[in-house]
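Chain residues, written in single-letter form:
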Amino acid sequence: MQSSGLGVLVRLVIARDLRLAVRHWDQVMQPLIFFAIITTLFPLAISPALDELRRIAPGVVWVAAMLASLLALESLFRPDVEDGTMEQWVLSGQPLSLLLLAKVATHWLLTGLPLVLMSPLVGTALGMPQSAWPVLMATLALGTGSLSMLGGVGAALTVSVRRGSVLLALLVLPLEMPVLIFGARAVDLAMHGEPVAGPLNLLAAALLFFVSLGPFAMAAAMRVSVET
Amino acid sequence: MWLWFHKLSSPPYAYRVATLLRPWFFWSAMALMLLAAYGGLVLAPPDYQQKDAFRIIYVHAPAAIMSLQVYVVMAIAAAVGIIWRIKLAHAVAAACAPVGAAFTVVALATGSIYGKPMWGTWWEWDPRITSELIQLFLYLGYMALRASFDDTQRADRASAILAIVGVVNVPIVKYSVVWWNSLHQAPTISKLGKPAIVLSMAWPLYTMLLGFMLYFAAVLCDRVRSEILRRERNATWLLETVKTS
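Those protein sequence lines, which keep their order, are chains A and V. Quick note on numbering: this note's numbering labels position 163 of the first sequence as 163, and the sequence is numbered without any gaps. Quick note on numbering: this note's numbering labels position 130 of the second sequence as 130, and the sequence is numbered without any gaps.
A hint or two may mislead.
Claimed, not checked - Some chain A residues near chain V, calculated using beta-carbon distances under 10 Å:
| hint | residue |
| --- | --- |
| 1 | G5 |
| 2 | L6 |
| 3 | V10 |
| 4 | S160 |
| 5 | V161 |
| 6 | V172 |
| 7 | M177 |
| 8 | P178 |
| 9 | I181 |
| 10 | V211 |
| 11 | L213 |
| 12 | A220 |
| 13 | E227 |
What the hints assert, rightly or not - Counterexamples of contact, computed for chain A against chain V with all Cβ distances above 10 Å:
| hint | residue |
| --- | --- |
| 14 | R23 |
| 15 | A49 |
| 16 | V63 |
| 17 | W89 |
| 18 | L167 |
| 19 | L170 |
| 20 | L171 |
| 21 | P195 |
Claimed, not checked - Some chain V residues judged to face chain A by a derived CB distance under 10 Å, without partners named:
| hint | residue |
| --- | --- |
| 22 | W123 |
| 23 | P127 |
| 24 | L136 |
These aren't lab readings, by the way, just hints derived from the structure by calculation. Note that the Cβ used here is the ideal one computed from N, Cα and C, for glycine as well.
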């Protein structure tokens, strides 16, 4: 049975992005190293005592993940817009929202998922108990998905702005604040042994909301950014 | 039936309408605000718990309501601009943003002043205050995005998308006191049902809110006229008007 045209399209986009990422491993690693360095700053700045760090560990891991994902957004659209690929995509007649959704999904696999996998190590370094690992990884998995989608919308809006990285942070961080609140709160609840179903469900709902509406906002923003 | 809507999308017509309406909006706003101030500061009885300190609510609550209302107006104007491709709608959205940001700052500042004698603290990270702060960041981000484009059309369309995406925060601010039980008090006035506040205290609040809305309309008239002047500076109709005046 022949797969549908859209399926082929998505597969091609994902394969292309993965191939490009493999050729530029260093660019993929940079946000992850940044994540580790940011979390190292807090014990140096506040206190090396694990008891004190344990209390702020959920927040620190989450904020570091947000900042690392912001840095990673630079490599989401800018290379393609600069060499003209995005212009071809806009003119191609294929559904731009689907193409961009595929790009963001691949980007999450390369930047969000490694953050999720690294988080138990980083959390332990800040005194987080092993019992909180599953919830930490679950909230970060759902949260980084939302961060990637919101970041994608922001990146599409600012990709043609010169030196737009700070503007991107300014636009995207306020929209991401509810995700941060629920994510950090869920990990905090898990550390105290309390039920986490509430915040986790809200995080999942937010992810579904952004994934269903985000691609259209991204496509509209990209059309504005790419036209000359 | 929609003739008035399409007529308003013509810059010279809108410019004339804004010039004519502005004094009506402004002076009625001044009258209502003075009346509400008198009612709130002098006529309303002191609260049994908060004594006279509660009177700042007559500025705080209308400012907070306006900060959300202006954002919704901005988002609707942005949507109209994108869907019907009416450039003037984008001008209205651009005009709304600084006013909305100012209302948000007033709401946060008066809330802070209100909080010190009431709750003993200048600031709390409770859901309503935090989401109102996020609202301020959304306004500032909108203005920053608009300023970062040289081409007006691209600035219009990009910031319109941002305005529409950001409207998701407005229900969060409005319902934050319903969804979370925290420091900020629950809603006392709503469109349906009896308000949990006595009439002598309530009427200055409604009057001040109406005054703020009319004031916003007046300021919007001024700002939209400036936007029209800036965008249409090379247009024939404007050069004619300037020549004859």
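| Violating hint indices (sorted, rising) | 1, 2, 3, 10, 18, 19, 20, 22
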